[in-house]
Amino acid sequence: MAEAAESPGDPATASPKPLFAGLSDISISQDIPVEGEITIPMRSRIREFDSSTLNESVHNTIMRDLKAVGKKFMHVLYPRKSNTLLRDWDLWGPLILCVTLALMLQQGSADNEKDGGPQFAEVFVIIWFGAVTITLNSKLLGGNISFFQSLCVLGYCILPLTVAMLVCRLVLLADSGPINFMVRLFVVIVMFAWSVIASTAFLADSQPPNRKALAVYPVFLFYFVISWMILTFTPK
Amino acid sequence: MAAADELAFHEFEEATNLLAETPDAATTSRTDQLTPQGHVAVAVGLGAEDEVEENDKTSLLQEEKQQPGFWTFDYYQSFFDVDTSQVLDRIKGSLLPRPGHNFVRHHLRNRPDLYGPFWICATLAFVLAITGNLTLVLAQRKDPSIHYSPQFHKVTVAGITIYCYAWLVPLALWGFLRWRKGVRERMGPYTFLETVCVYGYSLFVFIPTVWLFGALALALSASGLVFTLWPVVREDTRLVAAVLLSAVVLLHALLAVGCKFYFFQPLPLEHIAPPPQAISLSPNTLLASTSPRTMVT
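So the protein lines, in turn, are chains A and B.
For the first sequence, the positions run 189 to 424 when our numbering is used.
For the second sequence, the positions run 51 to 347 when our numbering is used.
Keep in mind that the hints are not guaranteed to be accurate.
Said to hold, decoys possible - Stretch-level coverage of chain A by chain B, calculated; a stretch enters the list once three of its residues show a Cβ under 8 Å from a Cβ in chain B:
no. : segment
1   : 328–340
2   : 400–411
To be verified - From the derived model, a few chain A residues whose C-beta atoms are all more than 10 Å from chain B:
no. : residue
3   : 251
4   : 254
5   : 365
6   : 368
7   : 371
Read the hints as simulated data drawn from the structure, not as lab findings.
Glycine is no exception: its CB is placed at the ideal position from the N, C-alpha and C atoms.
Just need the whole structure built from these sequences, with the hints factored in.
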């Protein structure tokens, strides 16, 4: 160190420069921080994510879930071979659709309470127990889809039939007649075909090839029953 | 050489009779058909070492194939081990019953499935309710005084009736046949699942002919049942056989007639039952006044 101190002033001196001579020039000032946290990039990302969903506003949470549901609705309306419904399954969409459909279908036209259309509970039970039965059936036949993925797909594919119910209720506001019935019949048939095609597009690939028809038939029956309930709905 | 006899090709009927006598062997695997339990068929020409290996292998295989307990998923999966073509073949077999052909031996081949009975019953229940509703619609077209209603409770009634019939009657039949097993030694009764399977597939014929629900469908269905039960029952005394078969046919006919009257006759029965309730429950006098009018017509 003593040698280094002498060297800058004297260019004629032939003494060799020691190693790391310039180090002594560095002065450590007070405002460079020498402490901090060692963070692994992955961990910091997770911590960011956790704190953001805890601290985010309710509006953000709801919008995120609604956007996910809406994205899946789009996938049902324009069925392509995609994995979105299967990968990020959720049951919000099926619940919303089932409740909407059951509310619209309940107790259509009865002079006798026993003789009318289905009650709310009956529609609810048919939809959820029907979906569970179809899922169990496809798993027992050897399909490799998980339980909730299948429920998710079957629930989301009720969307076309819910739209048909809305249309039917609007059409029924006009006076009834054969044309009224034909319009409703046409709409229900188209939406039924749409539902079956959409759910088959998602579900058929998970079955072994020699049992595809066995797994698809209950889906057909399920949507047929719901379509029948929609078609026979008559308001009070 | 006894082993060479076992190596010879067996006719199907013999094999199925062998199966009938040892039903436990059949339900586990098909490859055990020609090999009696525990024996090694391939003894000719092998050294002693290989024989020991074969013994170990067969005993190991039989251990592996033990049926899993009824609380596991795999147990139930074994009853859905059918392909589309097999189900269609079984349905065709039930549509065309023939006296020589035994449904259980020929079509089920001692591998009953639960897919057919379950979904055929579900389809039949919904088809009954829907067709009953359609009948009401058509009746209303002819006679506008009939009040149309969706009548959703019929779905519940249809479902309960069909499922109870398709499961409780085979249970009773199976129980009765097992009780009588002591009388006959030659051929054991069918297992419970085979009986359920036979009943389930025999109900299929009602689905396409549901409008008629007539004598033809009833005849086809009942004859299928009778031909299937005949080999099991013919060893018994004539009286028991006759009573059993006639009871089976009678129950089937009751189902057909009951469904016909409940679902397809919109006019007399329904409007007689509800009106007292309608009068007491409904506050609307207009509705109360229409029901006596329909009773009169």
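Going through the hints against the structure:
no.: 1; hint: 328–340; verdict: holds (count 3)
no.: 2; hint: 400–411; verdict: holds (count 6)
no.: 3; hint: 251; verdict: holds (38 Å)
no.: 4; hint: 254; verdict: holds (33 Å)
no.: 5; hint: 365; verdict: holds (13 Å)
no.: 6; hint: 368; verdict: holds (14 Å)
no.: 7; hint: 371; verdict: holds (17 Å)
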